[in-house]
Amino acid sequence: MKPAVLTGEHFLTGDSACAEGALAAGCRFFAGYPITPATEIAEHMSKRLPEVGGVFIQMEDEMAAMAAVLGASCAGAKGMTATSGPGFSLMMENLGLGIAMETPCVVVNVQRAGPSTGLPTLGAQGDMMQARWGSHGHYEIIALAPASPQEIFFQTITAFNLSETYRLPVLIMADEVVGHLSERVLIPDPSKIRLESRPRPKGRKDRFRPFHPGANGVAPMANAGEGYMVHFTGLTHDERGYPVMTAEAHTEMVSRITGKIRANLDKIIQVEEYRLEDADVALISYGISSRSSYSAVDEARARGIKAGLLRLITVWPFPEEKIRELAGRVKCLITVELNLGQIHLEVQRCAAGMAPALLVGHAGGTVITPARILEEICGASRQ
Amino acid sequence: MNSSHTQKHPLDGILRTDRIPHIWCPGCGIGTVFSSALIAIQSTGADLTKTAVVSGIGCSGRGAGYVKLDSYHTTHGRALPFATGMKLANPELTVVVFSGDGDLFAIGGNHFIHAARRNMDLTVICVNNLNYGMTGGQAAATTPHMAKTTTTPFGNPEPPFNLPLLAYASGATYIARWTMLHTRDLTQSIEEALARRGFSFIEVLAPCPTGYGRRNKLKPIDFLKIYQEKAIVKNGAHPAEVILDFNQGITIGKFIEYDRPTFSESYERICRPQAS
Ligand code: SF4
Numbered sequence: 005m006k007p008a009v010l011t012g013e014h015f016l017t018g019d020s021a022c023a024e025g026a027l028a029a030g031c032r033f034f035a036g037y038p039i040t041p042a043t044e045i046a047e048h049m050s051k052r053l054p055e056v057g058g059v060f061i062q063m064e065d066e067m068a069a070m071a072a073v074l075g076a077s078c079a080g081a082k083g084m085t086a087t088s089g090p091g092f093s094l095m096m097e098n099l100g101l102g103i104a105m106e107t108p109c110v111v112v113n114v115q116r117a118g119p120s121t122g123l124p125t126l127g128a129q130g131d132m133m134q135a136r137w138g139s140h141g142h143y144e145i146i147a148l149a150p151a152s153p154q155e156i157f158f159q160t161i162t163a164f165n166l167s168e169t170y171r172l173p174v175l176i177m178a179d180e181v182v183g184h185l186s187e188r189v190l191i192p193d194p195s196k197i198r199l200e201s202r203p204r205p206k207g208r209k210d211r212f213r214p215f216h217p218g219a220n221g222v223a224p225m226a227n228a229g230e231g232y233m234v235h236f237t238g239l240t241h242d243e244r245g246y247p248v249m250t251a252e253a254h255t256e257m258v259s260r261i262t263g264k265i266r267a268n269l270d271k272i273i274q275v276e277e278y279r280l281e282d283a284d285v286a287l288i289s290y291g292i293s294s295r296s297s298y299s300a301v302d303e304a305r306a307r308g309i310k311a312g313l314l315r316l317i318t319v320w321p322f323p324e325e326k327i328r329e330l331a332g333r334v335k336c337l338i339t340v341e342l343n344l345g346q347i348h349l350e351v352q353r354c355a356a357g358m359a360p361a362l363l364v365g366h367a368g369g370t371v372i373t374p375a376r377i378l379e380e381i382c383g384a385s386r387q
Numbered sequence: 515m516n517s518s519h520t521q522k523h524p525l526d527g528i529l530r531t532d533r534i535p536h537i538w539c540p541g542c543g544i545g546t547v548f549s550s551a552l553i554a555i556q557s558t559g560a561d562l563t564k565t566a567v568v569s570g571i572g573c574s575g576r577g578a579g580y581v582k583l584d585s586y587h588t589t590h591g592r593a594l595p596f597a598t599g600m601k602l603a604n605p606e607l608t609v610v611v612f613s614g615d616g617d618l619f620a621i622g623g624n625h626f627i628h629a630a631r632r633n634m635d636l637t638v639i640c641v642n643n644l645n646y647g648m649t650g651g652q653a654a655a656t657t658p659h660m661a662k663t664t665t666t667p668f669g670n671p672e673p674p675f676n677l678p679l680l681a682y683a684s685g686a687t688y689i690a691r692w693t694m695l696h697t698r699d700l701t702q703s704i705e706e707a708l709a710r711r712g713f714s715f716i717e718v719l720a721p722c723p724t725g726y727g728r729r730n731k732l733k734p735i736d737f738l739k740i741y742q743e744k745a746i747v748k749n750g751a752h753p754a755e756v757i758l759d760f761n762q763g764i765t766i767g768k769f770i771e772y773d774r775p776t777f778s779e780s781y782e783r784i785c786r787p788q789a790s
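So the protein sequences, as listed, match chains A and B. In terms of the numbering used here, the first sequence opens at residue 5 and continues consecutively. In terms of the numbering used here, the second sequence opens at residue 515 and continues consecutively.
No lab work stands behind these hints: they were computed from the structure. Keep in mind the model is a prediction, meaning the values are calculated, not measured. Errors might be hidden in some of the hints.
To be verified - Think about it this way: if two alpha-carbon atoms lie no more than 30 angstroms apart in a straight line, the pair counts; the simulated DSSO-like pairs of lysine-lysine are:
| no. | chain 1 | residue 1 | chain 2 | residue 2 |
| --- | --- | --- | --- | --- |
| 1 | B | K744 | B | K731 |
| 2 | A | K196 | A | K51 |
| 3 | A | K6 | A | K196 |
| 4 | B | K582 | A | K209 |
| 5 | B | K582 | A | K206 |
| 6 | B | K564 | B | K522 |
| 7 | B | K662 | B | K744 |
| 8 | A | K206 | B | K564 |
| 9 | A | K206 | A | K271 |
| 10 | B | K522 | A | K209 |
| 11 | A | K326 | A | K310 |
| 12 | A | K209 | B | K564 |
| 13 | A | K326 | A | K271 |
| 14 | A | K335 | A | K310 |
| 15 | B | K582 | B | K564 |
From just these sequences and the hints, can you work out the full model?
Given below as structure tokens:
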């Protein structure tokens, strides 16, 4: 077998770095369906997984890909799939199943411009609200937004760790530019990579309740074939996993699957602050758009405007506290994203009138330039 | 206390007795098919901790909820891809898919043909009750031409699938059809399917008196009479020649069994780097 962790310095696309991150995280199952601009992740996995003892399968559609990943995870494997907008829409069905069955896995969306078939080869960040609410019903989700090939490598590991720790599908909301960009990627020694695995049951097998939460709100998980005789269903169920068709049981189950995320926000949410200490104008951005935002901040500072950037590494759950704190101390918030205002709505909600919340964004197809952001910063600072 | 409640049923060991009574209607055929499946699973003598049951959605899909094995009640139509992932992640598992005709052949039809094409090592038991029972008796991809359902009030304008032929054309390597009246043959067929490698498909006709029966003037006993009078055993019959017609006849039997590499066997040979 070849090594799963290719320690060393590489020149990789974001898509390939994502695949290598998955392998380094212990992913040994990938089910996918070709779609631009995420296909290269599947291609990379089809070559690499058999070398490291894993299995790659190309499924008949994205509903099947998502279902296969959940099946593999229930049998104990770390599984992943990767897609883009149209496929992401099809995955929403079984994403919900993964949430209800509390099944760890990672779903990568290399975003392109939509709606519908849209601009298959050009980037956007238009699926951010779909990531939050795309499957039906009320739930919590974890979504990360990588800004570079190096970051997608590490975020893929983080995504697996979070999915295993909290037992849910975790989303990586990349975009076409990050997916296709080639940059230097440093892959560390495996001993430097911290890996988490799902909480495991202890005690008598016949007394095991598969959805009885542990200390952090997350239930230990027994895999198929281990003798626990578990039952998993997408129906509303009790701690035994048995369907119960009452409002009370539903409240209890939804509280459990949302509560385990709400109770651990401080452990889940990651943001990066850049020159925000004394900022008057705070940019809020993520993914590819955050890279233009750094330059805009530096440029504004060079012109004497105190600008800073809050880069969202975790987009969902939304860093509400951080935005509130910022809104209380800056003169203006500007969300920079490749859509017509999605995370912007969350920023507005959290700012709650404490500071004006503006938007720099467009419908997708090309990155937002630093000049465009700078223009908005200058305008805002004159107010 | 009724003594029948204190006696142990031979399938108690493999049933979630704390979930009984089940939801199936009086006169429904699913329970009989389910029993056959459980008897077959038990009689293989295989390690039950290594047997998993996967269902989709519908009346038959509830089967996974009553079996005391690792059991997964998934989304509508997606039992097969879920089972595919499960089998590939842990090849030691015997994975049984127990679901209905609507689930496996309408919403899940695409998954069925691809799982069969890959010769995925799964045992698929399809309870065919000719309609959607759970939602109150709507037309399915198996509803006979001109039959009445809640969505075909004037009679079904469409023809049904011939499931054995579809399975054959897709590449299934074991294909049988029985009715729930033919429990011995059915149980034996499931045992055979469990013992072999590859994609095994067993269609089982079962009455849905509440849905299909009510609108087509068939009482539970009428279905059984038809199964008894019209079923003709033709083992080895070509799937293109098998019929399913309550007037003309119902071809039952084991139609197809042959060997070809499963997905996993081919994957190991072709994709896995070989030690030189
Ligand atoms: S509706 Fe039909 S298939 Fe469903 S349980 Fe009742 S009789 Fe059986």
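Now for the hints, and whether the structure bears them out:
1. K744(B) with K731(B): Between K744(B) and K731(B) the Cα gap is close to 17 angstroms, so the pair holds against 30 angstroms.
2. K196(A) with K51(A): Given pair K196(A), K51(A) holds - Cα atoms ~25 angstroms apart, limit 30 angstroms.
3. K6(A) with K196(A): holds, 19 angstroms
4. K582(B) with K209(A): Roughly 13 angstroms between the alpha carbons, so the hint for K582(B) and K209(A) holds.
5. K582(B) with K206(A): holds, 20 angstroms
6. K564(B) with K522(B): Roughly 24 angstroms separates the two Cα atoms, so the pair holds.
7. K662(B) with K744(B): holds, 21 angstroms
8. K206(A) with K564(B): Holds - the C-alpha atoms of K564(B) and K206(A) are around 19 angstroms apart, at most 30 angstroms.
9. K206(A) with K271(A): holds, 24 angstroms
10. K522(B) with K209(A): holds, 22 angstroms
11. K326(A) with K310(A): Holds. K326(A) to K310(A) sits at ~19 angstroms (cutoff 30 angstroms).
12. K209(A) with K564(B): Given that 30 angstroms is the threshold and the Cα spacing comes to 15 angstroms, the pair holds.
13. K326(A) with K271(A): holds, 14 angstroms
14. K335(A) with K310(A): holds, 10 angstroms
15. K582(B) with K564(B): Satisfied, since the Cα-Cα distance of roughly 12 angstroms is no more than 30 angstroms.
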